[in-house]
Amino acid sequence: MITRMLILSALVLTPVPVVAQSSAAPAVDPAEAYARSVPLPKIIPAPADPGAIPLYGNGTPGKASTEIWTQDGENVIVRNVTRPTLTPVLPDPAKATGAAVIIAPGGGFTALSMETEGFQVARALASRGIAAFVLKYRLVATPVDEYESRLFSIRRLMAALAAPASGGEALRNRESMEDGLAALKLVRSQAAKWGLDPARVGMMGFSAGAMTSLATGLAPDPATRPAFIGFIYGPQVAVSVPADAPPLFNAIALDDEIFRSNGFAMVEGWQQAKRPVELHAYGRGGHGFGLGKAGTTPALLIEEFVAWLSMQGFLSAPAAK
Numbered sequence: 001m002i003t004r005m006l007i008l009s010a011l012v013l014t015p016v017p018v019v020a021q022s023s024a025a026p027a028v029d030p031a032e033a034y035a036r037s038v039p040l041p042k043i044i045p046a047p048a049d050p051g052a053i054p055l056y057g058n059g060t061p062g063k064a065s066t067e068i069w070t071q072d073g074e075n076v077i078v079r080n081v082t083r084p085t086l087t088p089v090l091p092d093p094a095k096a097t098g099a100a101v102i103i104a105p106g107g108g109f110t111a112l113s114m115e116t117e118g119f120q121v122a123r124a125l126a127s128r129g130i131a132a133f134v135l136k137y138r139l140v141a142t143p144v145d146e147y148e149s150r151l152f153s154i155r156r157l158m159a160a161l162a163a164p165a166s167g168g169e170a171l172r173n174r175e176s177m178e179d180g181l182a183a184l185k186l187v188r189s190q191a192a193k194w195g196l197d198p199a200r201v202g203m204m205g206f207s208a209g210a211m212t213s214l215a216t217g218l219a220p221d222p223a224t225r226p227a228f229i230g231f232i233y234g235p236q237v238a239v240s241v242p243a244d245a246p247p248l249f250n251a252i253a254l255d256d257e258i259f260r261s262n263g264f265a266m267v268e269g270w271q272q273a274k275r276p277v278e279l280h281a282y283g284r285g286g287h288g289f290g291l292g293k294a295g296t297t298p299a300l301l302i303e304e305f306v307a308w309l310s311m312q313g314f315l316s317a318p319a320a321k
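Reading the sequence shown from the start, the letters are residues 1 to 321 in UniProt numbering.
Any given hint could be a false lead.
Stated by the list, open to error - Derived Cβ-Cβ restraints for the label pairs, each shown as a range:
1. Ala307 <-> Pro39: 38 to 44 Å
2. Gly263 <-> Gln190: 37 to 43 Å
3. Ile44 <-> Ala141: 16 to 22 Å
4. Leu300 <-> Glu74: 16 to 22 Å
5. Leu291 <-> Asn58: 33 to 39 Å
6. Ala299 <-> Trp194: 26 to 32 Å
7. Ala265 <-> Pro220: 17 to 23 Å
8. Lys274 <-> Ala94: 36 to 42 Å
9. Ala265 <-> Pro143: 32 to 38 Å
Said to hold, decoys possible - Below, simulated DSBU-like cross-link-like pairs (lysine-lysine); rule was C-alpha separation at most 30 Å, straight line:
10. Lys42 <-> Lys293
11. Lys185 <-> Lys63
12. Lys95 <-> Lys293
13. Lys193 <-> Lys95
What the hints contain is simulated information worked out from the structure, not anything from laboratory work.
Note that beta-carbon positions come from the ideal geometry of N, C-alpha and C, so glycine has one too.
Work out the full structure: start from the sequences and follow the hints.
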């Protein structure tokens with residue numbers, strides 16, 4: 001997700017009215033003032049992830065950088081990713097359906113919410129018989145210093161939201177989209193190893209991860225696309241939907257602090273293309289609700305997503321011909 005701190009700063013500070021000040025008063029940078037007002041997250045060692053598979057082996061282009069990991073409550077966040085990985089979270093073989101979901105966490109393309117939008121989601125899907133793969137994709141580089149990184153991310157988000165018609169396009173990162181397609185290719189190439197049907201490998205993303213998932217679903221080559229898309233609190237803007245677009249599951253809270261004013265042009269595009277689409281517009285949840293809080297309807301997200309997958313036939317092996 002894009003963190004609550006970044007959301008609130010963008011909402012409060014974009015646009016910022018100019019207030020006349022005395023000549024003696026120094027100009028105040030609103031982004032800097034807000035960045036200083038919130039405690040910095042705790043820097044932690046990189047968690048052990050022995051199951052992580054390098055997405056490109058030793059062939060990732062570009063210079064490697066040191067990842068920076070932080071903890072914010074229950075969430076674990078990483079930034080400065082230059083070496084993408086894919087971590088399998090597999091179901092009990094007795095429950096396995098043969099379907100798989102690649103999970104793309106969010107974070108405005110400057111960070112990844114690896115726990116609340118990654119591994120928590122993966123465990124929930126695996127417990128329901130669906131193989132899950134958490135994608136740690138490449139990100140826009142941020143300053144090493146935690147405060148400077150926060151300030152960079154706030155300003156970047158503010159600039160993107162100042163052009164609402166873009167639906168967050170200004171945040172996009174080409175490498176992230178490439179990593180989504182590479183993850184699909186990797187899982188399909190090893191489907192037999194994991195007991196999967198390569199025709200039932202889809203992608204689910206949150207916020208920036210939703211944008212990554214959508215980009216894979218609209219890739220020019222249909223053979224490279226996911227079998228289905230889970231688009232969770234991403235920008236609801238109009239896109240060109242091909243006649244063979246994957247089925248789309250779209251979920252957002254109506255009080256989303258970032259994308260609530262976009263309408264539902266994306267859903268309408270899928271309808272106009274006569275492609276399967278389902279929309280869940282929750283009354284309350286804000287942006288970045290992850291698996292939702294107990295007692296709120298976004299907490300039903302995984303159950304509803306799995307029910308939709310079943311309705312679309314993705315949880316059953318195709319009948320033998």
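Is the hinted range of 36 to 42 Å satisfied by the C-beta distance from Lys274 to Ala94? Once the Cβ atoms are compared, 38 Å apart, the range 36 to 42 Å for Ala94 and Lys274 holds.
When you take the CB atoms of Leu291 and Asn58, is the distance between them in 33 to 39 Å? Given about 35 Å between the Cβ atoms, the range holds.
Next pair to validate is Lys95 with Lys293; report whether the Cα-Cα distance is within 30 Å. holds, 26 Å
Regarding Ala265 and Pro220, is the given constraint of 17 to 23 Å on their beta-carbon distance met? Holds, at about 22 Å.
May I ask you to test the hint 26 to 32 Å on the CB atoms belonging to Ala299 and Trp194? At 29 Å between Cβs, range holds.
Pairwise beta carbon distance, Ile44 to Ala141, judged against the given window 16 to 22 Å: Given a distance of about 20 Å, which is inside 16 to 22 Å, the answer is holds.
Take a look at whether the Cβ-Cβ distance between Leu300 and Glu74 falls inside 16 to 22 Å. holds, 20 Å
Evaluate the given range 37 to 43 Å for the C-beta pair formed by Gly263 and Gln190. Holds - the Cβ-Cβ distance for Gly263 and Gln190, about 40 Å, lies within 37 to 43 Å.
Taking 30 Å as the top limit, are the C-alpha atoms of Lys185 and Lys63 close enough? Answer holds: Lys185 to Lys63 is near 23 Å, not above 30 Å.
Would you say the C-beta atoms of Ala307 and Pro39 sit inside 38 to 44 Å of each other? holds, 40 Å
For the range 32 to 38 Å, tell me whether the beta carbons of Ala265 and Pro143 fit it or not. holds, 36 Å
Quick one, are Lys193 and Lys95 close enough, alpha carbons at most 30 Å? holds, 16 Å
Of the numbered hints given earlier, the model fails none.
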